[in-house]
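Number of protein chains: 2
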Amino acid sequence: MVPIQKFKDIIGDEFVFNDELTIQRYARATLTKSTTPAAVLKPLNSTEVTAIIETAKEFHVGIYPVSRGCNWGYGSACAVGDGQVILDLSRMNRIIHVDATLAYAVIEPGVTQIQLVSYLKEKNIPLWLDCSGSGPGASILGNTLERGFGHTPYGDHFLHSCGMEVVLGDGRTLKTGYGHYDNAQATHVFKYGIGPYMDGLFTQSNFGVVTRLGIWLMPMPECLNMFYCNVPREGDLAAVVDALRPLKLSGQVKSLIHIGNDLRVFSSYNQYPWEKAGNKTPLTDDLREQFCKKGGFGAWNVSGAIYGTRAQVRMTRKALKKALKPLGQIRFIGDRTLVGVLNCLSRLFDRFSLFPELRTLFKSLDKVYGLLKGEPTDAFLFGTLWRVKIAVNPETVTDPLDFNAGMMWIAPIMPMTGNTAERLIQLVNPVFEEYGFEPLITVSLITERAMVSVITISYDKDDPGECKRAQECYDAFFSLIMAQGYVPYRTNIHTMKKLAERSQTFWEITKKIKSVLDPEGIIAPGRYQPFDKL
Amino acid sequence: MVPIQKFKDIIGDEFVFNDELTIQRYARATLTKSTTPAAVLKPLNSTEVTAIIETAKEFHVGIYPVSRGCNWGYGSACAVGDGQVILDLSRMNRIIHVDATLAYAVIEPGVTQIQLVSYLKEKNIPLWLDCSGSGPGASILGNTLERGFGHTPYGDHFLHSCGMEVVLGDGRTLKTGYGHYDNAQATHVFKYGIGPYMDGLFTQSNFGVVTRLGIWLMPMPECLNMFYCNVPREGDLAAVVDALRPLKLSGQVKSLIHIGNDLRVFSSYNQYPWEKAGNKTPLTDDLREQFCKKGGFGAWNVSGAIYGTRAQVRMTRKALKKALKPLGQIRFIGDRTLVGVLNCLSRLFDRFSLFPELRTLFKSLDKVYGLLKGEPTDAFLFGTLWRVKIAVNPETVTDPLDFNAGMMWIAPIMPMTGNTAERLIQLVNPVFEEYGFEPLITVSLITERAMVSVITISYDKDDPGECKRAQECYDAFFSLIMAQGYVPYRTNIHTMKKLAERSQTFWEITKKIKSVLDPEGIIAPGRYQPFDKL
Chain E
94 MVPIQKFKDI
104 IGDEFVFNDE
114 LTIQRYARAT
124 LTKSTTPAAV
134 LKPLNSTEVT
144 AIIETAKEFH
154 VGIYPVSRGC
164 NWGYGSACAV
174 GDGQVILDLS
184 RMNRIIHVDA
194 TLAYAVIEPG
204 VTQIQLVSYL
214 KEKNIPLWLD
224 CSGSGPGASI
234 LGNTLERGFG
244 HTPYGDHFLH
254 SCGMEVVLGD
264 GRTLKTGYGH
274 YDNAQATHVF
284 KYGIGPYMDG
294 LFTQSNFGVV
304 TRLGIWLMPM
314 PECLNMFYCN
324 VPREGDLAAV
334 VDALRPLKLS
344 GQVKSLIHIG
354 NDLRVFSSYN
364 QYPWEKAGNK
374 TPLTDDLREQ
384 FCKKGGFGAW
394 NVSGAIYGTR
404 AQVRMTRKAL
414 KKALKPLGQI
424 RFIGDRTLVG
434 VLNCLSRLFD
444 RFSLFPELRT
454 LFKSLDKVYG
464 LLKGEPTDAF
474 LFGTLWRVKI
484 AVNPETVTDP
494 LDFNAGMMWI
504 APIMPMTGNT
514 AERLIQLVNP
524 VFEEYGFEPL
534 ITVSLITERA
544 MVSVITISYD
554 KDDPGECKRA
564 QECYDAFFSL
574 IMAQGYVPYR
584 TNIHTMKKLA
594 ERSQTFWEIT
604 KKIKSVLDPE
614 GIIAPGRYQP
624 FDKL
Chain B
94 MVPIQKFKDI
104 IGDEFVFNDE
114 LTIQRYARAT
124 LTKSTTPAAV
134 LKPLNSTEVT
144 AIIETAKEFH
154 VGIYPVSRGC
164 NWGYGSACAV
174 GDGQVILDLS
184 RMNRIIHVDA
194 TLAYAVIEPG
204 VTQIQLVSYL
214 KEKNIPLWLD
224 CSGSGPGASI
234 LGNTLERGFG
244 HTPYGDHFLH
254 SCGMEVVLGD
264 GRTLKTGYGH
274 YDNAQATHVF
284 KYGIGPYMDG
294 LFTQSNFGVV
304 TRLGIWLMPM
314 PECLNMFYCN
324 VPREGDLAAV
334 VDALRPLKLS
344 GQVKSLIHIG
354 NDLRVFSSYN
364 QYPWEKAGNK
374 TPLTDDLREQ
384 FCKKGGFGAW
394 NVSGAIYGTR
404 AQVRMTRKAL
414 KKALKPLGQI
424 RFIGDRTLVG
434 VLNCLSRLFD
444 RFSLFPELRT
454 LFKSLDKVYG
464 LLKGEPTDAF
474 LFGTLWRVKI
484 AVNPETVTDP
494 LDFNAGMMWI
504 APIMPMTGNT
514 AERLIQLVNP
524 VFEEYGFEPL
534 ITVSLITERA
544 MVSVITISYD
554 KDDPGECKRA
564 QECYDAFFSL
574 IMAQGYVPYR
584 TNIHTMKKLA
594 ERSQTFWEIT
604 KKIKSVLDPE
614 GIIAPGRYQP
624 FDKL
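Each protein sequence line maps, in turn, to chains E and B. For the first sequence, our numbering begins at 94 and goes up steadily by one. For the second sequence, our numbering begins at 94 and goes up steadily by one.
None of these hints come from the bench; they were simulated from the model. Just so you know, not all the hints are guaranteed correct.
Identical copies look the same in the list; a pair holds intra-copy or inter-copy alike.
Straight line, CA to CA, 25 Å or less: simulated DSS-like cross-link-like pairs of lysine-lysine [stated by the list, open to error]:
#, residue 1, residue 2
1, Lys626, Lys605
2, Lys387, Lys369
3, Lys554, Lys466
4, Lys605, Lys347
5, Lys268, Lys591
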């Protein structure tokens with residue numbers, strides 16, 4: 094039984110929801126199945142969170158914290174199991190502190206990307222936030238706990254976080270790093286504290302509710318250049334990865350380097366061409382070639398950014414040119430170029446009504462560029478609508494769920510070698526074909542040594558047969574990558590229970606830790622805990 | 094009771110030691126007190142480690158793992174309490190794998206700095222190891238678990254480690270990151286794995302015995318320049334820190350930047366001038382001035398290194414020059430300059446028998462330079478002998494314990510602001526004076542936002558009165574920095590029990606985690622666990 098009245102007593106009637114409308118709203122996801130919560134609570138502060146947890150323990154109700162619920166492609170705001178109570182932390186949206194000298198902020202879970210970025214702009218603080226592509230309204234803290242990645246040198250969000258406040262399942266509040274010492278001066282500048290370094294425990298786990306987090310902000314560099322390289326030959330992926338690895342390893346290129354296949358890039362800016370395809374899926378090779386050639390896309394499309402002083406950027410441009418020269422033409426776009434190019438193209442397009450697809454692409458360019466300099470954008474959310482049948486104006490998309498978008502991501506991590514990338518593509522393409530979906534694939538160089546492939550299954554959620562196939566396709570991908578040892582860096586709510594299929598000890602141990610931090614198993618049952626009972 | 098015979102059955106008679114000589118050797122430390130072990134075991138592999146732990150559980154004996162026992166200044170190879178059994182892992186010294194393409198190594202605890210560096214040189218692998226100053230024979234893994242720092246861009250050793258194998262107190266073996274999945278391909282290139290990120294738990298803790306570790310190696314840069322700046326005015330420390338912070342924050346200078354006071358630098362290359370001081374301590378202001386002026390030292394001595402392409406190094410030199418120009422003269426030393434300067438000085442010194450102190454300094458220069466390019470050196474161990482009364486030839490020092498060196502470090506972490514640095518010095522200097530020791534102080538910019546002050550208490554271990562004063566001085570420092578909120582980044586074996594004096598919850602929680610990972614409390618009782626019973 095969910096003690097609705099007790100919750101109302103804690104946080105006020107108006108912040109406890111169990112009406113049908115709200116329940117249905119929170120039960121949506123881009124996955125083929127979603128889960129339905131028993132209620133939604135919106136507490137204001139960590140005292141209320143603690144009281145909620147105490148009550149939940151008493152009534153044996155699972156509490157599933159979400160910051161802003163923008164976990165697109167992995168479960169949105171849904172809990173792992175049905176009947177859990179969603180702890181929506183969006184009202185806990187205070188920017189506690191920004192230190193302009195030491196370049197960090199301390200924030201609550203509800204703080205959105207746009208909120209912090211606006212704050213920095215208003216106060217004229219020359220610091221940038223690494224934003225994820227999940228939109229202006231996405232939570233910074235939520236993405237960090239999910240160990241998400243952005244595109245700037247601060248792209249590893251967990252790496253650039255420092256100092257947590259966590260409400261545990263036993264009702265205690267833990268401050269990590271140095272935060273638990275009164276008067277500690279270095280809580281948000283030095284991660285480890287003294288003694289065991291605990292922060293990692295509260296990422297991708299269900300050990301506590303993180304109610305406060307320090308995040309590092311990037312000092313605005315003197316110069317930023319975006320780069321883009323169109324690689325025409327499909328077989329050149331391995332060569333691209335091997336050519337870029339030295340630049341990542343040496344730290345010359347600090348941003349994430351994104352390598353998307355033609356369809357992945359095309360689908361970011363266009364919905365499925367239903368009309369031209371005679372309403373048939375998957376896209377024929379002919380149409381694929383037609384669209385991608387017209388769009389000017391390569392078989393592989395490499396993009397990223399260079400940050401630094403003007404001289405540093407100039408040098409890295411040279412190094413990138415040299416590395417990619419045999420493989421494709423590289424273009425650089427700086428602030429000035431961008432404005433020029435956009436104006437020029439825009440005039441051209443408007444005058445001749447040319448290339449409608451290209452126009453969308455170039456309109457999005459400034460948004461991509463914005464993201465690279467710390468400005469959140471919803472430009473990437475449109476990409477989730479590929480197989481949605483109704484034509485949607487890209488500028489109206491702020492939530493994929495509003496359009497019943499069907500989309501699942503699976504994101505295996507691999508060592509950064511060309512052979513590995515090529516091998517993955519050889520494994521993945523036939524699976525897409527078998528299940529009748531377009532191969533939407535990126536390979537991103539995310540750290541000095543690792544790359545992640547984001548495999549997108551985009552499907553029509555209004556078509557039950559397609560949903561079934563999409564799920565089978567997902568399951569096939571999951572089995573495939575696990576068997577190959579390319580384990581994903583995060584996963585969706587339904588796959589968490591499978592994580593122990595090929596590994597027992599690790600998950601037994603996390604379960605033991607769970608047993609002391611949240612003895613009654615109140616917090617987010619099943620979340621990255623395959624041995625939890627739901 | 095220590096089950097000596099059982100241990101002999103496991104690892105062989107010749108690797109179990111409880112003879113007086115061995116016990117005494119392991120009972121040495123540079124601290125004012127040490128602890129005495131009950132026995133010393135030297136297992137060969139993790140199977141033996143597991144069996145030892147099982148036996149220890151049966152007989153309720155504490156097992157204290159040390160890799161190479163070079164935890165100088167913090168307890169050397171001593172356990173936290175008397176009567177524990179030292180698990181000396183020096184025989185587990187296999188370099189399991191070096192990946193030259195992805196720039197990492199997988200090593201066992203006994204692998205020393207010189208061993209891995211020699212291996213890389215022999216195989217002509219152009220990768221550098223970030224070495225600590227603790228000597229060629231120090232363990233790489235041990236320093237990483239203690240969260241030690243080196244001087245290159247890979248100076249944060251834990252940050253540059255990836256993928257652990259850990260034997261737990263319950264006898265199970267845990268592989269972290271992706272390592273627990275069969276066939277995992279990214280174990281040593283991507284830290285987090287999937288689910289809770291656990292590695293931090295096994296640093297500065299007693300939750301397990303780490304038997305294998307992946308460490309990242311630095312691709313040899315095109316160019317390296319050492320820099321050195323002599324800052325004459327004592328009051329300029331704050332200005333130095335504030336001038337350098339932007340270069341650290343922006344990532345332009347990636348190495349640790351070391352700022353040592355005159356005496357700290359002088360004492361690195363010289364013992365206390367007993368004769369000239371008429372055997373009296375502390376050093377008078379007159380003598381301090383005489384020696385430090387003669388030695389060419391500034392009130393503050395800034396040093397570090399720049400890594401990158403030739404052009405990058407050139408640019409960073411410019412930026413450093415600009416930043417430090419108002420404060421002192423900066424000099425840069427590259428490979429060529431170094432050879433030239435050393436030869437020239439060496440001839441000059443030999444010919445005129447000039448400046449014996451300077452000669453030592455310059456002889457050490459190439460060793461410092463070596464450290465910056467991944468070559469371990471024992472040059473810094475000599476610095477531990479400052480108050481040793483017998484004159485020692487610097488080139489013979491490989492172990493401070495051989496000379497009964499009295500030395501304790503206390504290393505508070507602070508936010509990287511000039512005010513903070515200045516404030517710390519104002520707090521620390523009077524304490525040194527009160528207890529009659531020379532202020533040996535460094536302030537190092539270790540991360541983009543944090544600095545550490547390493548405060549050295551160097552004392553004569555043969556003088557019981559001085560030992561007592563040294564301990565009182567240490568305790569005064571500890572109280573002082575904790576009260577100010579400048580918590581140390583690591584601490585010595587005797588201070589671990591004090592860590593909970595100003596904080597309960599954090600340590601209660603680590604104790605709870607201990608209770609599930611090592612239920613019988615067999616591993617390293619008391620190590621970073623103030624609530625352990627000894």
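> Against the structure shown, which of the earlier numbered hints fail to hold, in ascending order?
Replying inline: Of the numbered hints given earlier, those the structure breaks are 3 and 4, listed in rising order.
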